[in-house]
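Engineer: Dock chain B against the given chain A, drawing on the hints supplied.
What follows is the residue order along each chain.
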Amino acid sequence: MEQIVWFGWFRADIIAEYSTLFWRGLLTTIGLTVICIVQGALLGLLLGMARLAQARHSPARELCTYGLRWPATVYVSFFRGTPLFVQILLIHFAVMPLFVHPTDGLLVSGEAAREIKQNYGAFLSGVVALTLNSGAYISEVFRAGIQSIDRGQVEASRSLGMSYWRTMYHVVLPQAFRRMLPPLGNNAIALLKDSSLVSAIGLAELAYAARTVAGAYSRYWEPYLTISVVYWVLTLGLTYVVRQLEIRYGRGDSR
Amino acid sequence: MDAVIRVSGLAKRFGELEVLRGIDCAIAASEVVCVIGPSGSGKSTLLRCLNGLEEASAGEVVVHGIRVNDPATDLDALRAEIGMVFQRFNLFPHKTVLENIVLAPTKVRGLSPGDARDRARALLAKVDLIDKIDAYPNQLSGGQQQRVAIARALAMQPRILLFDEPTSALDPEMVGEVLTVMQTLAEEGMTMVVVTHEMEFARHVGDRVLFLDEGIVVEEGAPEALFGSPREERTRRFLSKVL
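Protein sequences appear in the order of chains A and B. Residues in the first sequence are numbered from 197 upward in steps of one, following the numbering used here. Residues in the second sequence are numbered from 35 upward in steps of one, following the numbering used here.
Just so you know, these hints were derived from the structure itself, not from any lab. Just so you know, these numbers come straight off a predicted model, no measurement behind them. The beta-carbon is built from N, C-alpha and C at its ideal position, and this holds for glycine as well. Only true hints are included.
Here are some chain A residues pointing at chain B (derived, C-beta under 7 Å):
no.: 1; residue: R252
no.: 2; residue: G348
no.: 3; residue: E351
no.: 4; residue: A352
no.: 5; residue: L356
no.: 6; residue: M358
Looking at chain A on its own, in the form it has when it is part of the complex (with noise of 0.2 Å):
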């Protein structure tokens, strides 16, 4: 291929020989950020509401302490504790291996298992590590978001006779979703980068194709320049959707 050069230094034949490379990686980027932002989101929501369970009678008391708030207040703990990157590697050829494995994995073994490693192996490890991760953040976030709504709202709910799940669904989530949109637009962000931490296992987004052609030219601002053009990008795309849902929920909103 001709080269061709810009500005006098950037090598954009590199990037044009490479472009099925670089294509195939933002859609592995974007569908592993995407996957993982809608399960963090969920995983969020029910730590964070397992971190805020009370009632007042036994045995729903301690069932609530011990087997709710207790064990979901160690798990953020940890996930927030300890880097991304170990929680990746520690998954990927600790953990996986545990529940897939040609020989004895507990959830599936045999040729499957090898078929599945093979195939989906650093997909599938890096979408459990990013969620798990994602969830432990995100239900600081749920659990704020609650907290922050007016216990009057309860009590008005609870009063007329509805029940904790009807008044967190048609009372305080939506408050509480509308005051969020913030921290989860910065927890997706984060996310979508984070992404990028998957390339160590050897799944092939975004940072793994600049990876490969910086390894096989010896030339790092373009692959590397691009790739952060094209986070750069989505980052300021997902930028615009929390804005635009800010805009769609915030009615009613005295703030």
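Structural biologist: Showing chain B alone in chain A's frame:
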């Protein structure tokens, strides 16, 4: 007297703080009972124990023959029969006036959306706010919000209404419109327990007045007796300050 609410030996502690120290009282159907007393006397706590928003530390509250503090009691079902109006209105800010009113009747009572809307319209007409049906709470004045809150409570067709200082957060010129609605309800025979600082309302609308101080019922009686010739020194001292 056939009591719909019976309170016996009710005590409530918040940690070291004893807010209620043995309350006994009974409230009959269609009775309007006003609870007065200095701030911190436990008036609101007493009210909140009646529908289980606060759990009693000791003693018993029985409403319609159902023990509020029994762990086996379905509090949601009981609360559906006991409306409550709060000092700070507590309307749902993300819902319109109409949505505020129809929410519980449709979700808890299983009313069809159409029937719930009809009921909401009738109630809004009653509190004179039919033109605000599609407004959000933050577009209303305090007095209007409190009237919507009353309509919201009434939409459940409760058998008892609890009022927790319903006019204390209002500008003076809006107090009257809320009290007028409450007076109408009293005249229609609603059973009401009203924690209030509005002595005129207690005197003219209340069937009975409870004077609370330091967590006990110091004195109770018909308004004319309690306001006219209080028996207890503490009651006299309180009334001389507020009247």
